[in-house]
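Enquirer: The chain contents come next:
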Amino acid sequence: MSEVEYEAVIGLEIHVQLSTQTKMFCGCGLSFGEPPNTRTCPVCLGLPGALPVANEMAVHYGLMIGLALGCELAPRSIFHRKNYFYPDLPKGYQISQYDEPLCKGGRLGEVRIHRVHLEEDAAKLTHVGASGRIHGSDASIVDFNRGGTPLAEIVTEPDIRSAEAAADWLRLLRVTLRRLGVSDVNMEEGSLRCDANISLRPAGSEQLGVKTELKNMNSFRFIERGIKAELARQEKILRAGERVIQETLHFDPNSGRITSLRSKEQAHDYRYFPEPDLLPIAISQQMLDRAREAMPELPAAMATRLEQEHGLSAESAELLAFKDELGDYFEAAVREPVDPQAPPQALANWLITDLTGRLGEGQAPLQSRVEPGALAALVGLVAAKRISVGAGRSVLDKLVAEGGDPVAIVEAEGLGAMSDGDELAGIVAAAIAANADAAERVKAGNAKAVGPIVGYVMRETKGRADGGEVNRLIAQQLGA
Amino acid sequence: MSESQIIALSATEAAAAVIAGELDERELYGVYHRRAREHGGSDALNCFTWVSELSEPGGAPQRPLGGVPLAVKDLFCTKDVPSQSGSKILEGYRPPYTATAVSKLQQAGATMLAKTNQDEFAMGSSNESSAFGPVRNPWDRGRVPGGSSGGSAAAVAAGLAPWALGTDTGGSIRQPAALCGIVGLKPTYGAVSRYGMIAFASSLDQAGPLTRNVADAALMLRHMVGQDEADATSLAFPEPISVPDGVRLDGVRLGVATQLSAESEGAGGIEPGVAAAFEATLKLAQELGASIKTIELPHAPHALAAYYVLAPAECSSNLARFDGVRYGLRAEPGGEDGERGLLGMYTRTRHDGFGAEVKRRIMLGTYALSAGYYDAYYGRAQRVRTKIAEDFKTAFQDVDFIVTPTSATVAFELGALTDDPWAMYMNDYFTVPMSLAGIPAISIPCGLAGDGLGPGGNGLPVGFQIAGPAFSENRVMQAAHALEAAIGFDSAAAFA
Chain C
1 MSEVEYEAVI GLEIHVQLST QTKMFCGCGL SFGEPPNTRT CPVCLGLPGA LPVANEMAVH
61 YGLMIGLALG CELAPRSIFH RKNYFYPDLP KGYQISQYDE PLCKGGRLGE VRIHRVHLEE
121 DAAKLTHVGA SGRIHGSDAS IVDFNRGGTP LAEIVTEPDI RSAEAAADWL RLLRVTLRRL
181 GVSDVNMEEG SLRCDANISL RPAGSEQLGV KTELKNMNSF RFIERGIKAE LARQEKILRA
241 GERVIQETLH FDPNSGRITS LRSKEQAHDY RYFPEPDLLP IAISQQMLDR AREAMPELPA
301 AMATRLEQEH GLSAESAELL AFKDELGDYF EAAVREPVDP QAPPQALANW LITDLTGRLG
361 EGQAPLQSRV EPGALAALVG LVAAKRISVG AGRSVLDKLV AEGGDPVAIV EAEGLGAMSD
421 GDELAGIVAA AIAANADAAE RVKAGNAKAV GPIVGYVMRE TKGRADGGEV NRLIAQQLGA
Chain Y
1 MSESQIIALS ATEAAAAVIA GELDERELYG VYHRRAREHG GSDALNCFTW VSELSEPGGA
61 PQRPLGGVPL AVKDLFCTKD VPSQSGSKIL EGYRPPYTAT AVSKLQQAGA TMLAKTNQDE
121 FAMGSSNESS AFGPVRNPWD RGRVPGGSSG GSAAAVAAGL APWALGTDTG GSIRQPAALC
181 GIVGLKPTYG AVSRYGMIAF ASSLDQAGPL TRNVADAALM LRHMVGQDEA DATSLAFPEP
241 ISVPDGVRLD GVRLGVATQL SAESEGAGGI EPGVAAAFEA TLKLAQELGA SIKTIELPHA
301 PHALAAYYVL APAECSSNLA RFDGVRYGLR AEPGGEDGER GLLGMYTRTR HDGFGAEVKR
361 RIMLGTYALS AGYYDAYYGR AQRVRTKIAE DFKTAFQDVD FIVTPTSATV AFELGALTDD
421 PWAMYMNDYF TVPMSLAGIP AISIPCGLAG DGLGPGGNGL PVGFQIAGPA FSENRVMQAA
481 HALEAAIGFD SAAAFA
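Which chain is which? The protein sequence lines are C and Y, in order. With the first letter of the first sequence counted as 1, position 193 gets the number 193 in this note's numbering; the numbers rise by one all the way through. With the first letter of the second sequence counted as 1, position 250 gets the number 250 in this note's numbering; the numbers rise by one all the way through.
No lab work stands behind these hints: they were computed from the structure. Here the structure is a predicted model, which is why all the values come from computation and not from measurement. Think of the CB as a built atom: it goes at the ideal place given N, C-alpha and C, for glycine as much as any other residue. Honestly, I wouldn't trust all of these hints.
Quick list of the computed label-pair ranges, beta carbon to beta carbon [as the list claims (entries may be wrong)]:
| no. | chain 1 | residue 1 | chain 2 | residue 2 | range |
| --- | --- | --- | --- | --- | --- |
| 1 | Y | ARG383 | C | THR304 | 33 to 39 Å |
| 2 | C | PRO253 | Y | GLN107 | 55 to 61 Å |
| 3 | Y | LEU54 | C | GLU56 | 37 to 43 Å |
Footprint (simulated), chain Y over chain C, 3 or more residues, beta carbon under 8 Å [stated by the list, open to error]:
| no. | segment |
| --- | --- |
| 4 | 75 to 86 |
| 5 | 90 to 100 |
Let's have the full structure, built from the sequences with the hints guiding it.
Expert: Okay, here's the thing in structure tokens:
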């Protein structure tokens with residue numbers, strides 16, 4: 001009997017801090033590391049008698065997110081109170097949305113969207129003591145600066161089938177939100193937070209297995225590793241013939257361990273009811289028009305445009321449009337008036353493969369020392385065969401390290417392609433002489449044996465020789 | 001002016017006298033300050049929880065209210081002044097800001113004299129649930145002043161303040177006004193900002209005046225209404241509040257609802273003295289030219305049940321912020337078998353800080369909102385509320401105002417109902433329907449029970465309630481003014 005194959009079923013819940021001027025329900029500015037409890041007022045401290053007033057900009061951003069994700073925008077949505085006691089929740093309830101959210105349905109890429117709603121962030125708790133958790137801590141201190149920051153919660157349908165796909169989709173969501181300009185979408189700083197609902201089922205089954213919720217993974221790497229670890233844990237349980245328990249889990253990226261977060265609080269009854277201090281959000285035509293007008297080009301549309309406008313391959317266009325700020329960089333570079341011109345596809349290849357490969361993880365090309373115009377100039381030189389591909393790569397190394405102008409670097413380093421055909425022919429002849437064995441094998445029809453000869457030429461010319469020209473000369477001289 | 005001349009002035013008259021230069025603002029303030037200190041403390045009426053330390057008002061008298069002293073219900077947040085909502089859990093709490101309604105009155109020239117005692121978190125109809133002890137009724141100190149704005153009503157009735165600010169959730173201005181023989185107005189929901197009012201039930205709470213006469217109520221209301229950016233449920237009042245001067249009721253159609261009349265069964269035994277005073281007032285209204293029409297408010301008998309689901313539900317959430325973390329009482333966790341840690345701190349703080357009535361309503365409300373019960377209780381109560389509002393709308397197509405006794409009884413004896421919550425809740429029978437509908441209603445004194453008006457008398461004041469459609473305050477007060485003039489009630493009879 002063959003073993004059951006399991007299929008992963010993953011849905012994501014993403015909390016996005018909206019980059020409004022002020023908090024969700026009061027006039028306090030958002031906090032960027034100010035001293036604790038300096039961005040507070042009676043409303044976000046939950047003082048007696050204080051009342052919330054909904055932030056119009058947050059609603060506007062919520063509508064933009066809804067439009068970007070193809071959601072149905074509710075003409076009338078309402079805020080609910082979600083009641084529970086915790087020291088980071090000064091009113092004893094969070095103002096959120098429940099059965100009438102701002103946006104319903106929708107899709108981004110291959111993943112369907114369940115809903116998008118607005119709510120307020122909790123304050124920040126620090127537990128003093130060895131454990132770092134509330135239980136067993138000596139004291140807990142609360143910073144209300146973050147409390148009341150506007151959040152959009154985006155909930156997907158369980159359409160994701162692997163940890164890698166989850167991370168990839170989240171990247172697409174992040175670049176989409178960044179394009180919208182509604183959030184800093186910085187996972188490390190917590191402006192983009194992701195929980196995953198994870199279950200397994202026998203492949204081909206339509207029925208959903210018991211899910212667990214993996215909380216607050218604060219990088220793409222941790223999301224991938226966390227989901228993988230949880231899938232492995234669940235598979236082990238199922239293969240042992242046991243049952244997965246529905247619970248909330250915490251992934252510790254240092255140990256790779258998964259621990260139960262708060263099983264005691266699973267039984268929460270949040271006693272949702274409509275927030276009587278706020279009116280329903282009624283979306284006017286004017287608000288819709290304003291949101292539509294504010295919509296930038298989204299990644300999918302950008303990919304199509306790049307393909308059509310610059311004749312890029314579909315794959316390159318998608319890579320540029322979907323990944324971080326590659327697209328912006330590309331568009332800045334392709335606009336540069338460089339002579340000789342940089343062919344767009346070559347420019348894309350150099351950007352995607354060569355430049356990105358030389359930058360550290362998480363470093364965007366626009367933040368590097370390589371100016372878009374410099375890359376364009378470099379690609380132009382290579383395309384016009386003014387310098388060889390190898391020399392071009394040396395120049396790029398230099399640009400990444402120090403920045404500067406490729407033309408000046410080529411001149412200073414003497415990397416210009418060898419224009420004197422006779423000189424190159426001489427070096428090729430010397431290379432053949434020095435690699436007689438290889439030359440014999442090439443003559444005998446083994447084209448791959450040419451490597452050592454080419455290598456010799458490149459060493460001698462410090463990479464200035466054009467690879468195509470070298471191969472042509474070798475073939476000519478060997479009569480192969 | 002002598003002290004007796006000064007306290008005989010209504011707030012409107014006192015403001016006019018100060019502005020005309022006939023009365024020194026300091027003298028006006030001084031008289032009330034002395035009286036408040038002398039008669040308002042716990043050894044007397046116990047109607048104040050705080051009286052200003054200042055024996056003279058600060059600054060020059062301001063127009064248009066000329067520095068007329070104002071007593072403010074404890075639950076209004078007043079900057080650096082104790083604002084405790086009658087609760088031990090907020091004992092000594094001094095907020096960093098002032099409620100919009102109070103600051104608007106101060107900007108118009110009112111001087112804050114005192115904070116008034118109230119039922120804890122405005123939950124009660126007798127002022128006996130206050131953590132600071134019950135208020136005594138100036139007409140008979142063995143009796144309650146009504147509630148929850150009992151301190152405000154008693155202070156005005158006893159002449160310890162020219163006027164006072166109260167709040168009404170299900171009758172908390174109108175019922176104590178009735179039991180203390182003064183005027184109390186609950187405005188249209190949204191007419192006055194709730195910002196800075198320590199919330200009981202957000203969808204019902206509304207600030208309003210408690211005054212000696214209808215003109216004073218209009219003057220105070222004029223300086224309270226208006227849309228407030230800090231309260232999303234506040235609305236701009238569609239017209240200026242005018243000074244009422246009506247003396248006739250010609251052509252006015254008064255509706256008496258079968259379900260809210262002296263004969264209605266649901267009222268749970270209306271006192272003969274109250275019924276007699278109400279009937280006599282109806283007769284008087286007819287003499288002034290009004291017509292009386294019997295109308296139906298079919299869902300009104302269910303108002304109390306709906307109210308005692310909705311208000312506790314909202315309060316169970318509104319009072320969650322009193323958790324010992326940031327302000328007010330914090331009790332140490334533990335005890336013999338108590339919870340430790342955070343949960344222990346929460347439970348001990350709330351156990352020690354809240355009184356029995358507040359705990360009862362938090363539990364009722366928590367239950368009503370619980371998963372599985374929400375539709376049966378909260379959902380159904382909301383539907384009843386909608387029906388009641390529709391009933392009023394329909395009725396107002398046929399009549400201009402709906403009139404009822406404000407309360408089925410006159411002021412009862414201290415302790416008489418404290419062991420019978422349901423009997424206590426019945427005090428709101430005639431006032432709750434208007435609260436659920438969000439419409440304005442005023443209570444004016446219409447006489448003393450048994451004062452030549454019929455049987456069952458004990459010489460205590462009876463209130464007559466006039467309710468109108470949303471934002472009809474000007475018309476309601478115009479009618480109330482005409483009746484008031486004809487009734488000729490002596491509001492100074494209870495002065496301390």
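Enquirer: Hint by hint, say whether it matches the structure.
Expert: A quick look at each hint next to the structure:
| no. | hint | in the structure |
| --- | --- | --- |
| 1 | Y/ARG383 x C/THR304: 33 to 39 Å | violated, 51 Å |
| 2 | C/PRO253 x Y/GLN107: 55 to 61 Å | holds, 57 Å |
| 3 | Y/LEU54 x C/GLU56: 37 to 43 Å | holds, 42 Å |
| 4 | 75 to 86 | holds (count 3) |
| 5 | 90 to 100 | holds (count 4) |
Going through the hint list in order, the structure does not satisfy hint 1, though it satisfies all others.
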